[in-house]
Amino acid sequence: MPLWVPITLLCALCLASSDTVMKRAMHEGTGEFLSGWLRVAVAAVPLAIIAATMEKPEILPGFYLALAIGIPFEVLATFLYTRALKVSPMSLTLPFLAFTPVFVIVTGFAFAGESVSARGVLGILLIAGGSYMLNFHHIKGGILGPIRAIGKERGSTMMLTVSLIYAVTATMIKVGINNSSPLFFGAVYFVVFSIAYAPIGLRHLRIPSARGAKMLLIAGALMFVSLLAHLISVSMTEVAYMVSVKRTSLLFGVLLGYLFFHERNIKERLAGAALMLAGFILVVLSAG
Numbered sequence: 332m333p334l335w336v337p338i339t340l341l342c343a344l345c346l347a348s349s350d351t352v353m354k355r356a357m358h359e360g361t362g363e364f365l366s367g368w369l370r371v372a373v374a375a376v377p378l379a380i381i382a383a384t385m386e387k388p389e390i391l392p393g394f395y396l397a398l399a400i401g402i403p404f405e406v407l408a409t410f411l412y413t414r415a416l417k418v419s420p421m422s423l424t425l426p427f428l429a430f431t432p433v434f435v436i437v438t439g440f441a442f443a444g445e446s447v448s449a450r451g452v453l454g455i456l457l458i459a460g461g462s463y464m465l466n467f468h469h470i471k472g473g474i475l476g477p478i479r480a481i482g483k484e485r486g487s488t489m490m491l492t493v494s495l496i497y498a499v500t501a502t503m504i505k506v507g508i509n510n511s512s513p514l515f516f517g518a519v520y521f522v523v524f525s526i527a528y529a530p531i532g533l534r535h536l537r538i539p540s541a542r543g544a545k546m547l548l549i550a551g552a553l554m555f556v557s558l559l560a561h562l563i564s565v566s567m568t569e570v571a572y573m574v575s576v577k578r579t580s581l582l583f584g585v586l587l588g589y590l591f592f593h594e595r596n597i598k599e600r601l602a603g604a605a606l607m608l609a610g611f612i613l614v615v616l617s618a619g
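In this text, residue positions in the sequence shown follow this note's numbering: the first is 332, and each later residue adds one.
No wet-lab data here; the hints were simulated from the structure.
Among the hints, a few may not be true.
Straight line, CA to CA, 25 Å or less: simulated DSS-like cross-link-like pairs of lysine-lysine [claimed, not checked]: (1) K387 - K505; (2) K598 - K471; (3) K417 - K483; (4) K483 - K471; (5) K483 - K598; (6) K417 - K505; (7) K387 - K598.
Note that the coordinates shown come from a computational prediction; the quantities given were computed from them, not determined experimentally.
Could you build the full structure based on these sequences and the hints that come with them?
Shown next as structure tokens:
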């Protein structure tokens, strides 16, 4: 097995675990604004050290453009992401991140005339079918029941919006990396992002309990490991392959939601997430 595979699986597991710990902190009364910011800020500290001590790559103008465009979108996405985890089950929110490559393909087809391969179309159908399966028990309300259920679940619609935003930020991150290096841009990106998100994170500031603060520190540490593993693995293999393995975080998230929050209908949600992951992989590989 190539070394990048277990590193990427570690990235996925730490990301899902960080989401779980942050959701637990919010359940215990820690504000969502502070929760979303603090876990990123904790992860940004060691990343700042890495950025300051590593050998600087050649930085081209596109580096700054990527930061200027990507960071505001990242702030909006993180706000919605955190809010979605707070108001809805993990098993009905995280799987919708599989739609990001779909939005990339659809916008490319609509605005740039890019072709869509048969594998890409199949992947899109699997993602759509998986999202339908997440709420399959609503079929008793009619064939459109599972679709209506998505619209009624606020966290699902928020995460779908996040997925759309990530289609933009993914492009900006790619531009930034091409104009510097993966490790340097990744470190700088999240340090700048943590600073930009601070006004939102400190809004309506309520000092968390000792337990809540401890959980957010753990969530931040897990986020740092996830980000570092991401940056290492992306330098070892093709981005499409790495991202496909990283999205196993969808399955980890559904399982952790069941284990720690006793989320219901786990079988249909796990099946739906698995379909969406399979579709995600097909779409990413067809575009890669």
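Now for the hints, and whether the structure bears them out:
1. K387 - K505: holds (18 Å)
2. K598 - K471: Holds, at roughly 17 Å.
3. K417 - K483: holds (15 Å)
4. K483 - K471: holds (16 Å)
5. K483 - K598: holds (21 Å)
6. K417 - K505: Violated: K417 and K505 sit about 30 Å apart, past 25 Å.
7. K387 - K598: With a Cα-Cα distance of about 48 Å, the restraint between K387 and K598 is violated, given a limit of 25 Å.
In the structure shown, a violation is registered for the earlier hints numbered 6 and 7, in ascending order.
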